[in-house]
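*Asks:* Residue strings, one per chain:
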Amino acid sequence: MSATETVPAVEATSVTKIFNRGKPNEILALDDVSVAVGRNEFMTLIGPSGCGKSTLLRLMAALTHPSDGEISVHGKPADQARQDRDYGMAFQTAGLFDWRTVSQNIELPLQLMGWSKSDRRERADEMLDLVRLEGFGGHYPRELSGGMQQRVAIARALSFSPSILLMDEPFGALDEITREHMQAELLRIWDETHTTVVFVTHSIPEAVFLSERVLVMSPRPGTISAEVIVDLGHRDFDTRESEKFFERVTAVREALRVPEEPA
Amino acid sequence: MIERLRSMSPPIIVGIVGLVAWELVLQVLQPDGFVLPPPSDIVASLIATWDAIWIAVQSTGFVIVTGLLFGIAWGVLGALVVSWYRLADEMLTPLAIGVSAIPIIALAPIFNAWFGLLSPRSNQLIVVLLVFFPIFINTTRGLTDIDPDQIDLMRSYGASRWQITKEVRIPNAMPFFFTALKISAALAVIAAIVSEYFGGRQDALGPLIVQNAGLARYPDAWAAVLAGSLIGIGLYALARVVERFAMPWQTAVNQGVEG
Amino acid sequence: MTGWTKRGTRLALLLAALAMVAAACGSTDDTTTTSTAAEAAPAEMTDVALQLQWFTQAQFAGYFAAVDQGFYEELGLNVEILEGGVDIVPATVLASGAADFALSWVPRALVPREEGLDIVNIAQPFQRSGTLQVAFADSGIATPADLEGKIVGNWGFGNEFELLAGLRSAGLDPDTDVTLAQQQFDMLALLAGDIDAAQAMTYNEYAQVLETVNPDTGELYQPEDLNVINWSDVGTAMLNDGIWADAGRLESDSEYRETAVKFVEASLKGWIWCRDNPDECVQVVLSNAPILGQSHQTWQLNEISALIWPSPLGVGVMDQTLWDQTIEIATSEQILQAAPEGTAYITDIAQEAVDNLKSQGLDVVGNDWQRVEVELVEGGN
Numbered sequence: 001m002s003a004t005e006t007v008p009a010v011e012a013t014s015v016t017k018i019f020n021r022g023k024p025n026e027i028l029a030l031d032d033v034s035v036a037v038g039r040n041e042f043m044t045l046i047g048p049s050g051c052g053k054s055t056l057l058r059l060m061a062a063l064t065h066p067s068d069g070e071i072s073v074h075g076k077p078a079d080q081a082r083q084d085r086d087y088g089m090a091f092q093t094a095g096l097f098d099w100r101t102v103s104q105n106i107e108l109p110l111q112l113m114g115w116s117k118s119d120r121r122e123r124a125d126e127m128l129d130l131v132r133l134e135g136f137g138g139h140y141p142r143e144l145s146g147g148m149q150q151r152v153a154i155a156r157a158l159s160f161s162p163s164i165l166l167m168d169e170p171f172g173a174l175d176e177i178t179r180e181h182m183q184a185e186l187l188r189i190w191d192e193t194h195t196t197v198v199f200v201t202h203s204i205p206e207a208v209f210l211s212e213r214v215l216v217m218s219p220r221p222g223t224i225s226a227e228v229i230v231d232l233g234h235r236d237f238d239t240r241e242s243e244k245f246f247e248r249v250t251a252v253r254e255a256l257r258v259p260e261e262p263a
Numbered sequence: 264m265i266e267r268l269r270s271m272s273p274p275i276i277v278g279i280v281g282l283v284a285w286e287l288v289l290q291v292l293q294p295d296g297f298v299l300p301p302p303s304d305i306v307a308s309l310i311a312t313w314d315a316i317w318i319a320v321q322s323t324g325f326v327i328v329t330g331l332l333f334g335i336a337w338g339v340l341g342a343l344v345v346s347w348y349r350l351a352d353e354m355l356t357p358l359a360i361g362v363s364a365i366p367i368i369a370l371a372p373i374f375n376a377w378f379g380l381l382s383p384r385s386n387q388l389i390v391v392l393l394v395f396f397p398i399f400i401n402t403t404r405g406l407t408d409i410d411p412d413q414i415d416l417m418r419s420y421g422a423s424r425w426q427i428t429k430e431v432r433i434p435n436a437m438p439f440f441f442t443a444l445k446i447s448a449a450l451a452v453i454a455a456i457v458s459e460y461f462g463g464r465q466d467a468l469g470p471l472i473v474q475n476a477g478l479a480r481y482p483d484a485w486a487a488v489l490a491g492s493l494i495g496i497g498l499y500a501l502a503r504v505v506e507r508f509a510m511p512w513q514t515a516v517n518q519g520v521e522g
Numbered sequence: 523m524t525g526w527t528k529r530g531t532r533l534a535l536l537l538a539a540l541a542m543v544a545a546a547c548g549s550t551d552d553t554t555t556t557s558t559a560a561e562a563a564p565a566e567m568t569d570v571a572l573q574l575q576w577f578t579q580a581q582f583a584g585y586f587a588a589v590d591q592g593f594y595e596e597l598g599l600n601v602e603i604l605e606g607g608v609d610i611v612p613a614t615v616l617a618s619g620a621a622d623f624a625l626s627w628v629p630r631a632l633v634p635r636e637e638g639l640d641i642v643n644i645a646q647p648f649q650r651s652g653t654l655q656v657a658f659a660d661s662g663i664a665t666p667a668d669l670e671g672k673i674v675g676n677w678g679f680g681n682e683f684e685l686l687a688g689l690r691s692a693g694l695d696p697d698t699d700v701t702l703a704q705q706q707f708d709m710l711a712l713l714a715g716d717i718d719a720a721q722a723m724t725y726n727e728y729a730q731v732l733e734t735v736n737p738d739t740g741e742l743y744q745p746e747d748l749n750v751i752n753w754s755d756v757g758t759a760m761l762n763d764g765i766w767a768d769a770g771r772l773e774s775d776s777e778y779r780e781t782a783v784k785f786v787e788a789s790l791k792g793w794i795w796c797r798d799n800p801d802e803c804v805q806v807v808l809s810n811a812p813i814l815g816q817s818h819q820t821w822q823l824n825e826i827s828a829l830i831w832p833s834p835l836g837v838g839v840m841d842q843t844l845w846d847q848t849i850e851i852a853t854s855e856q857i858l859q860a861a862p863e864g865t866a867y868i869t870d871i872a873q874e875a876v877d878n879l880k881s882q883g884l885d886v887v888g889n890d891w892q893r894v895e896v897e898l899v900e901g902g903n
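Chains as they are written, first to last, in our numbering: chain B, 1 to 263; chain H, 264 to 522; chain P, 523 to 903.
Everything labelled a hint here was simulated from the structure, so no lab data went into it.
We treat Cβ as the ideally placed atom computed from N, Cα and C, and that holds for glycine.
Be careful, since some hints might not be right.
[To be verified] Derived pair list, reagent style EDC-like, types lysine to aspartate or glutamate, alpha-carbon separation capped at 16 Å:
hint: 1; chain 1: P; residue 1: 672; chain 2: H; residue 2: 466
hint: 2; chain 1: B; residue 1: 23; chain 2: B; residue 2: 41
hint: 3; chain 1: H; residue 1: 429; chain 2: H; residue 2: 408
hint: 4; chain 1: H; residue 1: 429; chain 2: B; residue 2: 98
hint: 5; chain 1: P; residue 1: 672; chain 2: P; residue 2: 637
hint: 6; chain 1: P; residue 1: 672; chain 2: P; residue 2: 699
[What the hints assert, rightly or not] So these bits of chain B aren't anywhere near chain H, every CB distance computed over 10 Å:
hint: 7; residue: 25
hint: 8; residue: 34
hint: 9; residue: 76
hint: 10; residue: 109
[Stated by the list, open to error] Here are the simulated distance ranges between beta carbons:
hint: 11; chain 1: P; residue 1: 900; chain 2: H; residue 2: 347; range: 37 to 45 Å
hint: 12; chain 1: H; residue 1: 504; chain 2: P; residue 2: 650; range: 58 to 66 Å
hint: 13; chain 1: P; residue 1: 650; chain 2: H; residue 2: 292; range: 38 to 46 Å
hint: 14; chain 1: P; residue 1: 865; chain 2: H; residue 2: 449; range: 56 to 64 Å
hint: 15; chain 1: H; residue 1: 318; chain 2: P; residue 2: 889; range: 20 to 28 Å
hint: 16; chain 1: B; residue 1: 6; chain 2: H; residue 2: 418; range: 29 to 37 Å
hint: 17; chain 1: H; residue 1: 318; chain 2: P; residue 2: 661; range: 57 to 65 Å
hint: 18; chain 1: H; residue 1: 358; chain 2: B; residue 2: 36; range: 47 to 55 Å
hint: 19; chain 1: P; residue 1: 805; chain 2: H; residue 2: 310; range: 53 to 61 Å
hint: 20; chain 1: P; residue 1: 600; chain 2: H; residue 2: 453; range: 40 to 48 Å
hint: 21; chain 1: B; residue 1: 23; chain 2: H; residue 2: 267; range: 52 to 60 Å
If we strip away everything but chain B, and leave its shape as in the complex, we get:
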C-alpha cells in the first residue's frame, strides 16, 4: 500500500505541446510543464484564456499527446490509463445525449464496458442518489435545467468509479447561484467517493472554494507560474464569507496578474 501512495495519481513531466508544428500557424501551447497530483487531492488549474489549461487536461486524458515530455497516470502511460478506464471527464457543456434518458446517459460508459443491464441499472440508480436526482432517471436531458444536466454529467463521469475525475469548466455555463450550489454538491460527492479531481476553471472564487491547491498558469506559452495553497479546511456555505477566503482569493488574483514590464 505504501508504495502506491507515493505514486502520484496524475503526473505531467516536462510536458511541451506544439500545435501545427512546422506550419506557419504553429502554436506553442505548453512549455515544459510539470505537475503532480496526489491521490484524493482536489487540484485546480486556473489561468487566462489560451493559457493551455484545457490542453493540459486533455493531455492527461490521453485525448491528445505531448510533443515532448511524459504523462503518467498511477504510474502508467496515459493511453494505458484511458484503456483501463481510470478516469471520468466532465465538460462545460454537459454533453449529454439528447436521445438517451438521464439513466441511459449515466449508463453509457457502463454499456460500452459491457456491463449487464441489471448491473447498469443498479449503478445508475446509485449515481442518481449520489447527485440528488432520484426519480429523474426517466426524463430526457431537454427536460432538465442546466444545473441538473451538469449533475447528470458528473454522475455519468463517476458511474464506473474512476479514481480520477477530470473537469473542464463544468460550471462555466451556469448562473452564479446554481454555480455555488453545484460547487458544494461537487465537494460533497468528492468527499463521498474519494476521487482525485483535476479541475480547470476561469473563476478565482471557484478555484479557491473547491480546492486545496491552485496552480496558476501563465498566458501562452503555458507554464505553471505559481502555486497557491488553500488551507481552508472543510468548506461550507459560510466559507465564502470568511476573511481567510477573501485573502486566498486575493493571493490567487495577484498570482494571475501579468508581471509588469520593467521600465
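Given the structure of chain B, go ahead and fit chains H and P onto it with the hints provided.
*Replies:* Then chains H and P, alone, in the frame of chain B:
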C-alpha cells in the same frame, strides 16, 4: 389526446373555412373560368371515375413507394460511407451537390429511351434521384455535425469507431434524416407524376391529369391531382409516425423542471 | 432548404426556355406561308389564325395551298397557320381565343364541348376516318378482341377515342383488359417491340413502317408483314378532321361569321386545287416543312384525298347520317356522357361556301378522283 386535438384544430378550422369559401364563391359567382372547379365537383368526379383513379393510384403509387425506398436506402448508405471515410466525402459530396443542380425531371425522356417506354424503371429512377439528394445531404450533415465534446467523451471511454457511429452519429443524424424524409415524400410524388407526363403507361396519375386537362375535363384532372395529393399526405403522415416512434425523446414535453 | 429552391428555379427556367422555343417553332410557319402571285388584294385584310391538330404535313394540304395560291388573300384574309402537337388540343386553343378556327376530330372536340367549351363545327372536309391500329402479322392480333392483355399504344389526348370505342364494342374494359401506353408520334415503339399494337393513320404512320427496312429481310417492310385493324371496318370509326369555330362569337359577331364563310370557302378551294394538282400540292407542303420527305407526303396526300373525295353533298358540308353515326358510337361507348346539347354543327356556312365555289365552276363532289399508286422509299424521302 385532448391536447393534441386542440393543437390540431386551428389548421383544421382554417382548412374547412377555406373549402367552404371556395365552394360558395364558385357556386354563387359561377365565373366562366372553369379551370378551377368547386370542391364538390372534384369530389364527385373522384367518386365517378374511381375505378380509373384507383388503377392509376396503384400504378403511380408503386413507382412512388419503390423509388422512395431505394432513394432512402442509397441516400443513407452514401451518407454512412461519406461519414466514415474523409476521402469519400471529398470525392463524392461535391459531385452529389453538382448533380443535384441538374433538373432531374428533364432527364425523363432520356430515361424513357434507355429503359423502354413502358418500363417503370425510368420513372423509378427519376424518383430515386430526386429522393436521394436531400436524404444524402441531410443525413451526412447529421452524421458529421457532432458536438466534439461528445466524440471526445466516447474516445475517453475507448469506444470503437462503430460504437461511436451507433451511439452518437446515428442518433444525432435522426432529426436531420426525418426532415429530409418528409421533404422526400412530397418530392417523390411530384417526381413520379411529372415523369409520367413524358410517356409510358396511360393508366397512371400523370397521364390522367395532363390528358384530362388537355380535353378540358377539369374536374377529372383535379380529381387525379387530389388523388396524388392524398398519396403525398399519406406518406408524410407515415413519416411522422415513424419519426415519433424512432425519436421518443423529441416528443418529451419541455417543462423546464427547476433544480 | 436552399438546395431545392435553386433546383426548382433552374427547372422553372428550363421549362420556360423550352416553352419559348416551342412557341417560336410554332410561329416559324407564318414566316414561310407568304403567298405567291398576289392578285389585286382588297385593301382591308382580316387576320385569321388557324390551329392545326398536328404538325405541318399533307394532312392539312388544302389550307397551305389556299395560302400559297392566294385563295385567302383574294377574299381579304391574312391567315396564320399554327402547328399542332402531341399535347395541343385544338378545341381548347380555339376556346381560349388563341386561334379563330381550329381543325379537330369530331369526338376530340365534342368532349371538351361537353365540359363547357362553346365551339361548333362549321365544316367537315373529311368524310371518312383514317385511324388504324397496327400490329405485326405474326403477333396474332387481327381483331379488337385480340388486343386483350396486350400493350396497346395510342397518342392519348382524345386521339384514342375510336380505339376505346372499338375495345368496348369487343367487350373489353380499356382500364383493366389492356395496357394502354402513351405512344410517340412515330412507330418506333412498335418496331422496337415495346408495344404490341400501335396507333397509326392510313396516311402517315402506317406508311412509316413501310418506309423502314426490315432487319430480317434487308428490304422494306411489306403490307403483308402487318395486320391492320381499320376502325371504319370494325364500325367504331368516328369523323376525323373538321373545321371548328367559336359558337358564341358566331352568334354575336357578324363580321366573324362573314370571315368564317370566306375562310371555309378559300380552304375548300385549296382542297379542290390539291385534288386536281397533287404534285404541285405536295411541293407546297414541302415548302412549308422542308424536313418532310417527298414520297411520304405524296402517299399522304393520296390517302387524305381518299378520306375527302368523293363528297356527295359537296366538300365540307356535314352529312347528317355520318354525324349521327359518330354520336351514336360516342355515346354508346362512353366517350361522351350524352348526345351533344344544343347545336354542335351547322351546315349553312359550308353550304354557302360550296355554292360560291360551284358558281365559280369548280367540282365540289370529286366523283372522278382516283387513288394513284405511290412508291415508298426508305425514310420517306
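*Asks:* Does each hint fit the structure? Answer for all of them.
*Replies:* Status of each hint after checking the structure:
1. 672(P) / 466(H): 14 Å, holds
2. 23(B) / 41(B): This hinted pair is violated, its Cα atoms lying about 39 Å apart.
3. 429(H) / 408(H): 15 Å, holds
4. 429(H) / 98(B): 14 Å, holds
5. 672(P) / 637(P): 31 Å, violated
6. 672(P) / 699(P): 8 Å, holds
7. 25: 19 Å, holds
8. 34: With a cut-off of 10 Å, residue 34(B) remains clear of chain H, as the shortest Cβ separation is near 23 Å.
9. 76: Since the minimum Cβ distance to chain H is about 14 Å, residue 76(B) lies beyond 10 Å and the statement holds.
10. 109: 5 Å, violated
11. 900(P) / 347(H): 37 to 45 Å: 58 Å, violated
12. 504(H) / 650(P): 58 to 66 Å: Hint holds: Cβ distance 60 Å, inside 58 to 66 Å.
13. 650(P) / 292(H): 38 to 46 Å: At roughly 45 Å between Cβ atoms, residue 292(H) and residue 650(P) fall inside 38 to 46 Å, so the hint holds.
14. 865(P) / 449(H): 56 to 64 Å: 47 Å, violated
15. 318(H) / 889(P): 20 to 28 Å: 49 Å, violated
16. 6(B) / 418(H): 29 to 37 Å: 31 Å, holds
17. 318(H) / 661(P): 57 to 65 Å: The hint (57 to 65 Å, Cβ to Cβ) is violated, given that residue 318(H) and residue 661(P) are roughly 25 Å apart.
18. 358(H) / 36(B): 47 to 55 Å: The hinted range 47 to 55 Å holds for residue 358(H) and residue 36(B), with Cβ atoms some 53 Å apart.
19. 805(P) / 310(H): 53 to 61 Å: About 55 Å separates the Cβ atoms of residue 805(P) and residue 310(H), which means 53 to 61 Å holds.
20. 600(P) / 453(H): 40 to 48 Å: 43 Å, holds
21. 23(B) / 267(H): 52 to 60 Å: 57 Å, holds
Comparing the model with each numbered hint stated earlier shows that hints 2, 5, 10, 11, 14, 15 and 17 do not hold.
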